[in-house]
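Q: Chain residues, written in single-letter form:
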Amino acid sequence: MSQLALVIDLNVCVGCSACVTSCKEWNTSGPAGFMSDDNPYGKDPTGTFFNRVQTYEVGCFPNTETIHFPKSCLHCEDAPCVPVCPTGASYKREEDGIVLVDYDKCIGCKYCSWACPYGAREFDEHQKVMKKCTLCVDRIYDQSLPESERKPACVLSCPTSARLFGDVEDPESEVSVAIREEGGYQLMPEWGTKPSNHYLPRRKTRLHIHEDELVRADNPLKKEERQPSAPVDEPTLDDSTSW
Amino acid sequence: MNYSPESEQLDNSHRIEVKNTTCYMCACRCGIRVTLRDGEVRYIQGNPDHPLNQGVICAKGASGIMKQYSPARLTKPLLRKQGADRGDAQFEEISWDKAFGIMEERLSHLRETDPKKFALFTGRDQMQALTGLFAKQFGTPNYAAHGGFCSVNMATGMIYTIGGSFWEFGGPDLDRSKLFVMIGTAEDHHSNPMKMALSKFKRNGGRFISINPVRTGYSAIADEWIPIKPGTDGALILSLIRELIAQGLYDRDFLVQYSNSAQLINTDEASDEHGLFIRTESDKEPGCFDPMNELWWDRHTDKAVKTHTEEADPFLLGEFKLEDGTPVKPAFQLLKEQVEGYTPEWAADVTGIPADTIRRLAHEMGITARDEKIELPISWTDAWGKEHDTITGNPVAFHSMRGTAAHSNGFQTIRALAILMSILGTIDRPGGFRHKAPFPRPIPPCAKTPKGPEGVKPNTPLGGMPLGWPADPDDLFVDENQQPVRIDKAFSWEFPLSAHGLMHNVITNAWRGDPYSIDTLMIFMANMAWNSSMNTTEVRKMLNDKDENGEYKIPFIIVADAFQSEMTAYGDLILPDTTYLERHDVMSMLDRPISEYDGPVDSVRIPVLPPKGECKPFQEVLIEMGSRLKLPAFVKEGGERKFRDYPDFIVNYETEPGSGIGFLAGWRGKGGEKFMKGEPNPNQWKMYEKNNCVYQYHLPKSYQYMRNWNMGYLRWAQDHRLTRYAEPINIHIYSEVLQKFRLAAQGKYPGKQPPQHLRKRIEEHFNPLPFYSEPLESQLTDKHKYPLNALTQRPMAMYHSWDSQNAWLRQIHAHNYMHVHPSLGAKHGFGDGDWIWVESMHGKVRCMARFSEAVEPGTIWTWNAVGKASGAWNLDGDANEARKGFLLNHLIAEELPAHESGEHISNSDPITGQAGWYDVRVRVYRANDDEPKETWPQFDTMPAVPGTGKRRSWQGFFAGMFDKEAK
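From first to last, the protein sequence lines stand for chains C and G. Using our numbering, the first residue of the first sequence is number 1, and each one after it goes up by one. Using our numbering, the first residue of the second sequence is number 1, and each one after it goes up by one.
Wrong hints could be hidden among the right ones.
[Unchecked claim] Taking lysine-lysine and the BS3-like style, the derived pairs with C-alpha atoms no more than 27 Å apart in a straight line are:
hint, chain 1, residue 1, chain 2, residue 2
1, G, Lys306, C, Lys222
2, G, Lys386, C, Lys222
3, G, Lys827, G, Lys844
4, C, Lys222, G, Lys373
5, G, Lys748, G, Lys451
6, G, Lys690, C, Lys151
7, G, Lys690, G, Lys612
8, G, Lys964, G, Lys19
9, C, Lys204, G, Lys229
10, G, Lys553, C, Lys223
11, C, Lys223, G, Lys373
12, C, Lys204, G, Lys373
13, C, Lys151, G, Lys19
14, C, Lys204, G, Lys200
15, C, Lys128, G, Lys950
16, C, Lys43, G, Lys844
17, G, Lys964, G, Lys541
18, G, Lys336, C, Lys222
19, G, Lys136, G, Lys457
20, C, Lys128, G, Lys701
21, C, Lys223, G, Lys386
22, G, Lys200, G, Lys386
23, G, Lys200, G, Lys701
24, C, Lys223, G, Lys81
25, G, Lys553, G, Lys98
26, G, Lys748, G, Lys321
27, C, Lys222, G, Lys677
28, G, Lys701, G, Lys677
29, C, Lys223, C, Lys204
30, G, Lys200, C, Lys151
31, G, Lys964, G, Lys950
32, G, Lys321, C, Lys222
33, G, Lys690, C, Lys223
34, G, Lys553, G, Lys81
Worth flagging that the hints you see were computed from the coordinates, not collected in a lab.
Construct all of the structure, not just a fragment, from the sequences and the given hints.
A: The following block contains the structure:
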């Protein structure tokens, strides 16, 4: 059993959207056909993206956290989009757990997008089919690519390497280690969908200063003290004592 | 369709090509690998073998496809239609022959009569070495790129202090650092390397503190966000310096040996030498270096000795008397006195940061620097011949850009920052700040402008560089009445150290005829009719303004650009440039290369596609014009054309005949066996092409650190002609350069003297030690009426105004809000998403409010340059950018209100001329319910110009099919 998935490290994601457009540029010319854009140069432009970054603020000034949150299909173990599909177009692959849509079977009824609690599906108005993240299934097994590039486009592009990709069922994989050691969590586990993608939380590094660290024998200020010496030409006992 | 590896066979029936070049979706200049399918761009990925980005790419870079196929692209040379006004965007197509003919006639006349009537100003071009050469050869002083309104304070503030600066010239060594403090950084600059380094730094357990009025982008992942009031960074930094000195948390050994901290300064106020270093005889011929003939006061012998005398250990603090009775103090003593009043409590009031936080911040920096020392087992020899077994590092790193720079007090703020970094002992050391070649450079660098109008002569190249680094008042570029020679008044007494010029005042000055009128203004890739100008509405009127004879006040405007920007509407002649995928280009060591910390790196662009339509690279335009005008560098002795085209120029041009120095440093010499210096190599382009379009040299380890004082490195740099002298470059804790200007203002310095009305300004601002003053605009604003600061931030997915024509990127930012703290809404009766007015003393805009808890409550901010004029960038007239987007520029003036220093003084730093973008003060109030729900001001919709593309109502880009569909 294997389950391919993304682990997204919110501790380093700066919300640059590299993953958003890298996904689009790879997939729009891919085997599933274009990803359309409506009003690309007009009012309220909108288009198909498999992956989007949302930004949230948490807390009140000055204790505010700004969270950048990339989201795409989570490739759930119990994907609710699969059983609702009337034609079997929406399916989960046995061999690697990727949830896909067979566009030849899709009739565009949108049941799957209603069933998905994460809003991860995107309906293409011009092809009348439902689309979604494929984990770049057309890259990851492509033997003509160098092995280091057999990864989803979003993972390759990410400047902060916030996106890890691998088999979450393999306990020794990079993603499993990250989930285990860095507090990886799932989105809305209460829905029972068992999403395969995980997120790693923010971690804070703090510095504690002990008061005595400000006191040092070798404080350079000590070198600046001039030891005042009494003038040699003023009277001393040397001049008057005689016995 | 079922997914299987077989589906990739789709590509087998198509023509696939893969080519490497360099990205240009921003100024970062990552290596990219472009895959074409049937001649169309299928995929742009980061080149994994490129040293800068190591395979990653950003949102902009990955959207290059939509830039290439944008309908906003200009594809034909255009001439303004007779009878049409500027701004109407009514053009007729003309041939390149005609365009060149028009320019040749006009420019050759100007060159024969008065070359300064031709002004060439360029935007984000990355080819300043060539544009600057063209201007110099033409003989006009009126040349600059956009640095004056970008970040010249960062360049000058640091280069005049440590001989290097952030971004291309140096940066934080996050590989080795333990504590990283980022102060006001634009997130679209040097973006991928910074993101990569930040992530690695955090994962290695480093602590990241962000000081910024706003928590977006990089600040979001900071371990601690310290909100600060805009324009007060200097107050914070000076207070940190005070606390570090008070606690003894400075690196004394570093300051003694590698800075002028211990050097004795004449403190006799009656003396004409007041504030200058005491100097002894020097046995060195004077040159562009520090002769190191100053004095120390030795602790052991208790008397003055020459600096760097062996066995001597100077006092950093105290006051002394020389044998001739001259009172003297070490520079560090003067620094200590200067910061005495900048207590954390004082700074807390100014900055809004609690005093305890300021103290803790200083302690974190000082203790990390002192107790987390790095010792690298690398031996090296210093400039005084002393051998060292190790390289020491104090792992505290900083980064800053426009947040500190774009204020009229920015130069002194950044001087303070460079001094803070220096007293922590972090300059060109592991874990701190590290230089990138060709830096470090002497303080100040050697290039100089002419010193007067005699440098500008008909039919003659300019008698100096158009831009330079004044070392004293006599280096100013002024006439006998102390008036500016340049149209932007750079290097005059108004802005003596304006190393990048003042592009933001060119149109206003030329329109007013102050200091004189010009004839032809050539603008390359700068949107001066929109986001690159302050006071945008008025500047648009100036561009279109006529004199009493009905002639334009700026008679002829040439605009070269790849896209239909707001500025193209105001051109008389439009030259269609190519995209980055269609041209040769160089990231040159003569300009701003992409060097790494461990050695010089430069790179090239090689076309992956043919030019669209009649697009011509601007480089080729300059080579052609240089040849036609017979500018000496571009023609042979007999006047025949010297270079076939731009690639030929790049290979064969040498800075002087036989110098062996050209635009590219790699694979020089006949067979490509040399680097930095060597005769032209006819196969140089091929060698770059074979090597991922990049040349990288790794310095030997012992030359990689302490380069200001590293004998091995300095000699290497001299041998390879990066520098003329191999002399040490000591840090200017105390700036004698600034003091010389101050003395001139006090009438004590021989030579050039400032005009009376500027004396006070010079005396105040040319303080040889950093000080805090409120930004000029704030000083002149009624802050009861306009209590708030207003700023812009740069979104990471947009580069300036450039990307609204990009169908994918504009879906990320199609319009902008004004982000305000909810308390402002409560106070003024508006809610999240409501329409509000934002007003400064110069103008107002109507926009939508967005509540945010991630902003200092006295500050409001918006994304920069997302708002567009209707129809510009070939968007529909009702596009969100025009109807819901807005520019903050309407609130910002390019000139200060009249005050004691004069009328028409630029809204800029009085030292450098850096535009004070972030100094504006505003108020906000709710828009009436009956007002239109759109932003204000609005402008007439700009029509699409001939040669631009069709705007599809929807599109599905599929490489190899897209253009065919369009046809």
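Q: Each of the hints needs a verdict: does it hold here or not?
A: Here is what the structure says about each hint:
1. For the hint pairing G/Lys306 with C/Lys222, the CA-to-CA distance comes to about 23 Å; that is within 27 Å, so the pair holds.
2. At most 27 Å may separate the alpha-carbon atoms for a hinted pair to count; G/Lys386 and C/Lys222 meet this at roughly 26 Å.
3. For the hint linking G/Lys827 to G/Lys844, the alpha-carbon distance of about 19 Å falls within 27 Å, and the restraint holds.
4. This hinted pair checks out: C/Lys222 and G/Lys373 have alpha carbons roughly 21 Å apart, not beyond 27 Å.
5. A hinted pair counts as satisfied when its Cα atoms are at most 27 Å apart, and G/Lys748 with G/Lys451 qualifies at roughly 20 Å.
6. Among the hinted pairs, G/Lys690 with C/Lys151 is consistent with the structure: their alpha-carbon atoms are about 26 Å apart, no more than 27 Å.
7. For the hint linking G/Lys690 to G/Lys612, the alpha-carbon distance of about 25 Å falls within 27 Å, and the restraint holds.
8. Using a Cα cut-off of 27 Å, the hinted pair G/Lys964 and G/Lys19 holds, with the two alpha carbons roughly 22 Å apart.
9. Between the alpha carbons of C/Lys204 and G/Lys229 the distance comes to roughly 25 Å, so the proposed pair stays at or under 27 Å and holds.
10. A hinted pair counts as satisfied when its Cα atoms are at most 27 Å apart, and G/Lys553 with C/Lys223 does not qualify at roughly 65 Å.
11. A hinted pair counts as satisfied when its Cα atoms are at most 27 Å apart, and C/Lys223 with G/Lys373 qualifies at roughly 21 Å.
12. This hinted pair checks out: C/Lys204 and G/Lys373 have alpha carbons roughly 22 Å apart, not beyond 27 Å.
13. About 20 Å separates the Cα atoms of C/Lys151 and G/Lys19, which keeps this hinted pair within 27 Å; it holds.
14. Annotation: proposed proximity of C/Lys204 to G/Lys200 holds, straight-line Cα distance about 14 Å (limit 27 Å).
15. Distance check on the hinted pair: C/Lys128 and G/Lys950 sit about 25 Å apart at the alpha-carbon level, within 27 Å; holds.
16. Pair hint C/Lys43 plus G/Lys844 holds up; C-alpha atoms about 24 Å apart against a cutoff of 27 Å.
17. Taken as a hint, the G/Lys964 and G/Lys541 pair is broken in the structure, with Cα atoms around 42 Å apart against an allowance of 27 Å.
18. The straight-line distance between the Cα atoms of G/Lys336 and C/Lys222 is roughly 15 Å, inside the 27 Å bound, and the hint therefore holds.
19. About 11 Å separates the Cα atoms of G/Lys136 and G/Lys457, which keeps this hinted pair within 27 Å; it holds.
20. Annotation: proposed proximity of C/Lys128 to G/Lys701 is violated, straight-line Cα distance about 60 Å (limit 27 Å).
21. Of the pairs offered as hints, the one joining C/Lys223 and G/Lys386 holds, with about 23 Å between alpha carbons and a cut-off of 27 Å not exceeded.
22. Between G/Lys200 and G/Lys386 the CA atoms are separated by roughly 35 Å; this puts the pair beyond 27 Å, and the hint is violated.
23. Between G/Lys200 and G/Lys701 the alpha-carbon distance is near 22 Å, which keeps this suggested pair within the 27 Å criterion.
24. Straight-line distance between C-alpha atoms of C/Lys223 and G/Lys81 comes to about 76 Å, which puts the hinted pair past the 27 Å bound.
25. About 24 Å separates the Cα atoms of G/Lys553 and G/Lys98, which keeps this hinted pair within 27 Å; it holds.
26. Distance restraint check for G/Lys748 and G/Lys321: the Cα-Cα separation of roughly 22 Å lies within the 27 Å cut-off, and the hinted pair is therefore satisfied.
27. For the hint linking C/Lys222 to G/Lys677, the alpha-carbon distance of about 50 Å lies beyond 27 Å, and the restraint is violated.
28. Distance hint between G/Lys701 and G/Lys677 is fulfilled; the C-alpha atoms sit about 21 Å from each other, no more than 27 Å.
29. Proximity of C/Lys223 to C/Lys204 is assessed by CA-CA distance (about 38 Å); at most 27 Å being required, the pair is judged violated.
30. A C-alpha spacing of about 20 Å is found between G/Lys200 and C/Lys151, which places the hinted pair at or below 27 Å, so the restraint holds.
31. For the hint pairing G/Lys964 with G/Lys950, the CA-to-CA distance comes to about 13 Å; that is within 27 Å, so the pair holds.
32. The suggested pairing of G/Lys321 with C/Lys222 holds, with an alpha-carbon distance near 22 Å, which does not exceed 27 Å.
33. The hinted pair formed by G/Lys690 and C/Lys223 fails the criterion: a straight-line CA distance of about 58 Å is larger than 27 Å.
34. Between G/Lys553 and G/Lys81, the direct Cα distance comes to roughly 18 Å. Compliance with the 27 Å bound is thereby established for this hinted pair.
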